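Chain residues, written in single-letter form:
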Amino acid sequence: MTNKTEDIDIKLIKHIQEGLPVTKTPYKDIGLALGMPEDEVIQRLKNLLESGKVRRLAASIAHRKIGINANAMCVWKVPKERVDEVGKIMAGFEEVTHCYERPIYADWEYNVFTMIHGYTDAECEAVIQAIKEKTGLNDYVVLYSEKEFKKVVVRI
Amino acid sequence: MILSDTDRKILHRLQSNLPLVSRPFLELSKELDLDEDIIIERIKFMIEKGYVRRLAPIINTQAMGREATLAAVKVPEDRIDEVSAIINEYSGVSHNYLRKGKNKHIPYNMWFTMSAKDDEELRSRLKEIEDRTGLTVRSLPTTKKFKIGVRFKIY
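First to last, the sequence lines map onto chains U and F. Residues in the first sequence are numbered consecutively from 44, following the numbering used here. Residues in the second sequence are numbered consecutively from 19, following the numbering used here.
Hints listed in this document are in silico derivations from the structure and should not be mistaken for laboratory results. Some hints could be false.
Distance condition first, Cα-Cα at most 30 angstroms in a straight line; then the derived BS3-like pairs of lysine-lysine [as the list claims (entries may be wrong)]:
(1) 54(U) <-> 175(U)
(2) 123(U) <-> 67(F)
(3) 67(U) <-> 62(F)
(4) 165(F) <-> 89(U)
(5) 48(F) <-> 67(F)
(6) 108(U) <-> 27(F)
(7) 48(F) <-> 67(U)
(8) 175(U) <-> 120(F)
(9) 108(U) <-> 62(F)
(10) 120(F) <-> 193(U)
(11) 120(F) <-> 120(U)
(12) 123(U) <-> 48(F)
(13) 165(F) <-> 177(U)
(14) 194(U) <-> 92(F)
(15) 54(U) <-> 67(F)
(16) 48(F) <-> 190(U)
(17) 89(U) <-> 57(U)
(18) 193(U) <-> 48(F)
(19) 175(U) <-> 92(F)
(20) 177(U) <-> 48(F)
Values in this document were obtained by computation on a predicted structure and should not be read as measured data.
Based on the sequences and whatever the hints tell you, model everything.
And the structure:
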C-alpha cells in the first residue's frame, strides 16, 4: 500500500466534504450519486479514517452560536527540552482544543501554541492559570481574536 | 438559544465519528435512546439554523499529502480590510483572524492558516501574498502536534 490517496477516494471526499446526506442511509445515497456500492463507500471511509487521512467523520459545530463565545490562542515560551512534557500537560485540558509546537524566529520566541475554547473569557483565563501552575511556565501571551475574516473547513 | 436538551445530546455525540454502518442514525438512536427519525430531523434543523456547520469528513491535510502552515503578518491598521481581502482570496486559506496580545504586545496582528498541495505551492502562495501586499508573511508550520480535536463541552 502506498501513501498516495487514490483518485476514487479524492472523488468520494470531494463529493461529501460539504456535508453528508442526512438521510436514513447516507452511505447508500452517496454510493448512488457516485455509482459505487454502499459497502464500498463504507469500506473506503473506514480506510480513510484508519490511515488518518480523514481525522473524523463528524459535525463541525458553530461554537459561537451555541454559546462558546470565548477563545484564546495562548502561546508559550517553552525550553526545547520541556516541550514534550508540557505539551502533554496542556493537551490534557478539555478546553484546550489544539496544542502544537511551532518554530521560533528572531522576533518570535513563543514555540508552543494552545487554542482554548470556553463559554466565557473567565473560563479561558482559569485554564491558562491552571496550565501555569501545573507547568511552572510564566512566559506566555494570550492572543484574543478581535475579528474573524474567514473560517471554513479545509477542503481538497 | 433555542436548542433543547435533546439537541445538545445529539450535538455532543455528533462531534465524534458517525458509525460506518448502513443506518448510522439508527445506531445513534440506540446509543442516545432517541428515535431515528427525530435524530435525523433535529440534525437537519441544526444544520439549517447554522448550529452545525456541516456533518462531513474532517480532513487531515498533511496525511493527504498536502502541506499546511499558520502564517502571521503585521498589517498596518489602515490596510486591514485590503490585506484580509487579498489573503481570503486563496482557497487554501481556511482561517483568518485579527488577533491582539492581551497581556503583552506581539509583533503580528493578522493570523491565517493556509494549505496547499505541496510545500512548493505553499511557499509560492505565501510569497505571492508578500509580493501583492508588500508585507512580510511569517510562516509557523507545526513541528509537533500534541492535540488536534475540536470537540467542545456542550452543557
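Are the Cα atoms of residue 89(U) and residue 57(U) separated by 30 angstroms or less?
holds, 16 angstroms
Holds or violated: residue 175(U) and residue 120(F), Cα atoms, limit 30 angstroms.
Holds: residue 175(U) and residue 120(F) sit about 16 angstroms apart, inside 30 angstroms.
Within 30 angstroms, alpha carbon to alpha carbon, are residue 177(U) and residue 48(F)?
violated, 40 angstroms
Holds or violated: are the alpha carbons of residue 108(U) and residue 27(F) at most 30 angstroms from each other?
At roughly 16 angstroms apart (the allowed maximum being 30 angstroms), residue 27(F) and residue 108(U) satisfy the hint.
Do the alpha carbons of residue 165(F) and residue 89(U) lie within 30 angstroms of each other, as the hint requires?
holds, 22 angstroms
Within a Cα-Cα threshold of 30 angstroms, do residue 108(U) and residue 62(F) meet the stated pairing?
holds, 16 angstroms
Is the hinted pair residue 165(F) and residue 177(U) satisfied, with a Cα-Cα distance of at most 30 angstroms?
Holds, at about 18 angstroms.
Given the hint that residue 194(U) pairs with residue 92(F), does the C-alpha gap stay at or below 30 angstroms?
holds, 20 angstroms
Holds or violated: residue 120(F) to residue 193(U), with C-alpha atoms at most 30 angstroms apart
holds, 22 angstroms
Would the pair residue 120(F) and residue 120(U) pass a check requiring their Cα atoms to be no farther apart than 30 angstroms?
The hint holds at about 16 angstroms.
Starting from residue 48(F), check that the Cα of residue 67(F) is at most 30 angstroms away, please.
Since the Cα atoms of residue 48(F) and residue 67(F) sit roughly 25 angstroms apart, the hinted pair holds (cutoff 30 angstroms).
Does residue 48(F) lie within 30 angstroms of residue 193(U) when you go C-alpha to C-alpha?
Roughly 37 angstroms separates the two Cα atoms, so the pair is violated.
In this structure, the earlier hints numbered 1, 2, 12, 16, 18, 20 are contradicted, and the remaining ones agree with it.
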